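Q: What follows is each chain in one-letter form.
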Amino acid sequence: MHTLKTPLLTIDAASRKPIYEQLADGLKALIARGELREGVTLPPVRQLAADLGVNLNTVAVAYRQLQDEGLITVRHGSGAVVSSRTTVEQSEEELRKPLRSALTQLVLSGMSMARIMRLVTEELRFLTKGVSK
Amino acid sequence: MTAILISFPAILFVFRLQLLRRLWRRPLKNGEGFFLAQRVGPDFYRAAGAPLFRRYHASLLVPLFLDAPLAAWLVFTERYVGLQLEQLLAMIATIALYNLMMVHYSARATAVSGCQEDRPATSLQLSMAPRRMRDYTIPSVESVIVVASLLALGMLIRSYADSAAPGASDGSEDAFRGGVVATVWLFYWQLGFLLLKGSFVHWRMPLPANRTEDFRRWRTAWLNHYLKLFDAVRLLCSAALLAGMTWVAYAHSWPLTVQVMIGGAFVLVVLLSVVYLLREERRLLATERELKPVEMVKEFPRRPIAEGRYLAGGLLYFNRDNPSVLVRSDHGIALNLAHRATYAGVAYFAGLIALAVWQAS
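If you read the protein sequences in the order shown, they are chains A and B.
Going letter by letter, the first sequence gives residues 15 to 147 in the numbering used here.
Going letter by letter, the second sequence gives residues 446 to 806 in the numbering used here.
Chain A on its own, in the form it takes in the complex (with noise of 0.2 Å):
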């Protein structure tokens, strides 16, 4: 049932970004955030591909990305759950590869170092706000 707690993703329709891309990494940002806590049972793929009037492919792809890295497990009949707030295991140049990349646009875009460290608290204060620590 909704509630005016009931964490939200935007999806932008007109954005470059794949739909299922945009819903794994909406996701994982609630899960990062603490929002959707462990054990917290989520939308069933027909629920949420219904709702964005996609088919349900587009859904269960993003799913299956987050099952793939261990933050959610998929059970047959009770749907998906909330497994876990850490990904597995992955080596700290893997993890790395995404936040150079990401950098690399800041720095592509002229934007100075203290903007770009900026932002970057920012965006790391936003993520881990109300996650207990």
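I should point out that these hints are in silico values taken from the structure, not numbers from a laboratory.
All values derive from a computational prediction rather than experimental measurement.
There could be a bad hint or two in this list.
Unchecked claim - Restricting the straight-line Cα-Cα distance to at most 25 Å, the calculated cross-link-like pairs of lysine to any residue (SDA-like) are:
{"id": "1", "chain 1": "A", "residue 1": "Lys31", "chain 2": "B", "residue 2": "Ser558"}
{"id": "2", "chain 1": "B", "residue 1": "Lys737", "chain 2": "A", "residue 2": "Arg30"}
{"id": "3", "chain 1": "B", "residue 1": "Lys743", "chain 2": "A", "residue 2": "Arg30"}
{"id": "4", "chain 1": "A", "residue 1": "Lys19", "chain 2": "B", "residue 2": "Tyr671"}
{"id": "5", "chain 1": "A", "residue 1": "Lys111", "chain 2": "B", "residue 2": "Glu752"}
{"id": "6", "chain 1": "A", "residue 1": "Lys19", "chain 2": "B", "residue 2": "Phe745"}
{"id": "7", "chain 1": "A", "residue 1": "Lys19", "chain 2": "B", "residue 2": "Lys673"}
{"id": "8", "chain 1": "A", "residue 1": "Lys31", "chain 2": "B", "residue 2": "Glu752"}
{"id": "9", "chain 1": "A", "residue 1": "Lys31", "chain 2": "B", "residue 2": "Arg747"}
{"id": "10", "chain 1": "A", "residue 1": "Lys19", "chain 2": "B", "residue 2": "Arg577"}
{"id": "11", "chain 1": "A", "residue 1": "Lys19", "chain 2": "B", "residue 2": "Glu752"}
{"id": "12", "chain 1": "A", "residue 1": "Lys19", "chain 2": "A", "residue 2": "Ser98"}
{"id": "13", "chain 1": "A", "residue 1": "Lys31", "chain 2": "B", "residue 2": "Arg748"}
{"id": "14", "chain 1": "A", "residue 1": "Lys31", "chain 2": "B", "residue 2": "Tyr581"}
{"id": "15", "chain 1": "A", "residue 1": "Lys31", "chain 2": "B", "residue 2": "Leu668"}
{"id": "16", "chain 1": "A", "residue 1": "Lys19", "chain 2": "B", "residue 2": "Gly796"}
{"id": "17", "chain 1": "A", "residue 1": "Lys42", "chain 2": "B", "residue 2": "Pro746"}
{"id": "18", "chain 1": "A", "residue 1": "Lys31", "chain 2": "B", "residue 2": "Val526"}
{"id": "19", "chain 1": "A", "residue 1": "Lys42", "chain 2": "A", "residue 2": "Ser126"}
{"id": "20", "chain 1": "A", "residue 1": "Lys31", "chain 2": "B", "residue 2": "Lys673"}
{"id": "21", "chain 1": "B", "residue 1": "Lys737", "chain 2": "A", "residue 2": "Lys42"}
{"id": "22", "chain 1": "A", "residue 1": "Lys19", "chain 2": "B", "residue 2": "Asp580"}
{"id": "23", "chain 1": "A", "residue 1": "Lys19", "chain 2": "B", "residue 2": "Leu761"}
{"id": "24", "chain 1": "A", "residue 1": "Lys19", "chain 2": "B", "residue 2": "Arg664"}
{"id": "25", "chain 1": "B", "residue 1": "Lys743", "chain 2": "A", "residue 2": "Ala28"}
{"id": "26", "chain 1": "A", "residue 1": "Lys42", "chain 2": "B", "residue 2": "Gln570"}
{"id": "27", "chain 1": "A", "residue 1": "Lys42", "chain 2": "B", "residue 2": "Tyr581"}
{"id": "28", "chain 1": "A", "residue 1": "Lys31", "chain 2": "B", "residue 2": "Ala566"}
Following the hints, position chain B against chain A.
A: What follows is chain B alone, placed relative to chain A:
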């Protein structure tokens, strides 16, 4: 007797006419800037929208004319039970058809008017709360329905025992038969409203990126209103079942005053339910006046035209991977034949026809 037999189909027919009257001007409900809930251009009703408005009116008349020859034949041949069933099925089909038409013509109005927002919305929000029937189930309501149904079945069994006993009158056998027919119909209505409740709970609910909380408040009020309506009708069916079966099992041994009192009590329950539902409707209208949901339509991105196989000139669609019952097509909207809600709806309507044939025979 004929007057009594004909009064029920007459009430149903008047209800259909009343519905037609309400829907006739519905496209203009929000002013000339809208066709139903779709924003349209300033001269829409005088230019591009005029043929659409005429077609809309013609479509409203179709369900009335479709069954008119059959209804007339049933009246002239004095098949009044058949007329009752025919009007009942026609009313259900009309309501379903009108609902589909509203969605279809909304989509057509957008396509015809070509009215685009200056900065069309591209984002929407998804709620991460699963929509489950159990979250909208009131245990006390379900308990009352179960207990009333079991008691009614107990009474029906008792009336069967009375009718099968040696020396039982023809009247008790007729009463038992009437009880069986009423029980089957009332259970079937209850099932129908339970299915409707399920489809309303699971209906798609994207949220706009702007005015999210306003929309969520309105949608919650709207959903709660209809769920209360469906539960109230299911409770009324249970009350009717219990009252009817009590009547079948015991009425022959009651004095007239008791019969009148019980009948009066049931009518009072119906009237109280109507008052309750009217009050709830007023509350919903107040929320609508406050939040103006029609102005939130523009906050939603337009759904893309669904890919897949179209049938019947684009009115029907077939795609198992698409989880929507109604999808956007080139011509407005199309009904997804591969959706389980479509299967359930078709099966339910086929069951209604089978029941009507069974009763008539």
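Q: State for each hint whether it applies.
A: Status of each hint after checking the structure:
1. Lys31(A) with Ser558(B): 31 Å, violated
2. Lys737(B) with Arg30(A): 33 Å, violated
3. Lys743(B) with Arg30(A): Holds - the C-alpha atoms of Arg30(A) and Lys743(B) are around 22 Å apart, at most 25 Å.
4. Lys19(A) with Tyr671(B): Roughly 23 Å between the alpha carbons, so the hint for Lys19(A) and Tyr671(B) holds.
5. Lys111(A) with Glu752(B): 36 Å, violated
6. Lys19(A) with Phe745(B): The hint holds at about 22 Å.
7. Lys19(A) with Lys673(B): 24 Å, holds
8. Lys31(A) with Glu752(B): 20 Å, holds
9. Lys31(A) with Arg747(B): The hint holds at about 18 Å.
10. Lys19(A) with Arg577(B): Cα-Cα ~17 Å, so holds.
11. Lys19(A) with Glu752(B): 35 Å, violated
12. Lys19(A) with Ser98(A): At roughly 21 Å apart (the allowed maximum being 25 Å), Ser98(A) and Lys19(A) satisfy the hint.
13. Lys31(A) with Arg748(B): 18 Å, holds
14. Lys31(A) with Tyr581(B): 36 Å, violated
15. Lys31(A) with Leu668(B): 33 Å, violated
16. Lys19(A) with Gly796(B): Given pair Lys19(A), Gly796(B) is violated - Cα atoms ~42 Å apart, limit 25 Å.
17. Lys42(A) with Pro746(B): 24 Å, holds
18. Lys31(A) with Val526(B): 61 Å, violated
19. Lys42(A) with Ser126(A): 28 Å, violated
20. Lys31(A) with Lys673(B): Distance of about 41 Å is beyond 25 Å: violated.
21. Lys737(B) with Lys42(A): 35 Å, violated
22. Lys19(A) with Asp580(B): 16 Å, holds
23. Lys19(A) with Leu761(B): Judged against 25 Å, a Cα distance of about 39 Å means the pair is violated.
24. Lys19(A) with Arg664(B): Distance of about 16 Å is within 25 Å: holds.
25. Lys743(B) with Ala28(A): The hint holds at about 16 Å.
26. Lys42(A) with Gln570(B): 16 Å, holds
27. Lys42(A) with Tyr581(B): Status violated; Cα separation ~29 Å.
28. Lys31(A) with Ala566(B): 17 Å, holds
Violated hints for the displayed structure, listed by number in ascending order: 1, 2, 5, 11, 14, 15, 16, 18, 19, 20, 21, 23, 27.
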